[in-house]
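Undergrad: Numbering (UniProt numbering), first residue to last: 1 to 86.
Accuracy of the hints is not assured; some may be wrong.
[Said to hold, decoys possible] In silico lysine-lysine, DSBU-like type, Cα no more than 30 Å apart, as pairs: (1) K3 / K56; (2) K56 / K23; (3) K56 / K5; (4) K3 / K41; (5) K23 / K11; (6) K11 / K41; (7) K41 / K23; (8) K5 / K23; (9) K18 / K3; (10) K41 / K18; (11) K41 / K5.
In short, the hints are calculated from the structure, not lab data. Small disclaimer: the values here were computed from a predicted structure and weren't measured.
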Amino acid sequence: MFKAKIYVTYKPSVLDPKAEVIKTALGRMAYHNVEDVLYGKYFELTLAGSEADVRKQVDRICDQLLANVNMETYRFELEPMAEVNA
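Between the sequences and the hints, there should be enough to build the whole structure, so can you do that?
TA: Now the structure itself:
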């Protein structure tokens, strides 16, 4: 079993309005050294199967559901999990 940790963010060429609002607010709060803010989504999925199959499946899930591939990019990490025998 694997835990997939998935991070979805806007592509660098796409304006991120939420991140801009956060950056502006931080400036008003006197955090003037904050140069950039990245806002995104985080998902965790638990999947069974071989690492190669899980990698392919997570990639398809991200492309088809979790990320708008026209505007967003994603990356993920797979973490092996101990299988629990009930």
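Undergrad: Each of the hints needs a verdict: does it hold here or not?
TA: Status of the hints after comparison with the structure:
1. K3 / K56: Holds, at about 14 Å.
2. K56 / K23: 35 Å, violated
3. K56 / K5: 14 Å, holds
4. K3 / K41: 16 Å, holds
5. K23 / K11: 17 Å, holds
6. K11 / K41: 13 Å, holds
7. K41 / K23: Roughly 17 Å between the alpha carbons, so the hint for K41 and K23 holds.
8. K5 / K23: Cα-Cα ~25 Å, so holds.
9. K18 / K3: It holds: about 28 Å lies between the C-alpha atoms, which stays within 30 Å.
10. K41 / K18: Roughly 12 Å separates the two Cα atoms, so the pair holds.
11. K41 / K5: 11 Å, holds
Violated hint: 2 only; the structure is consistent with all others.
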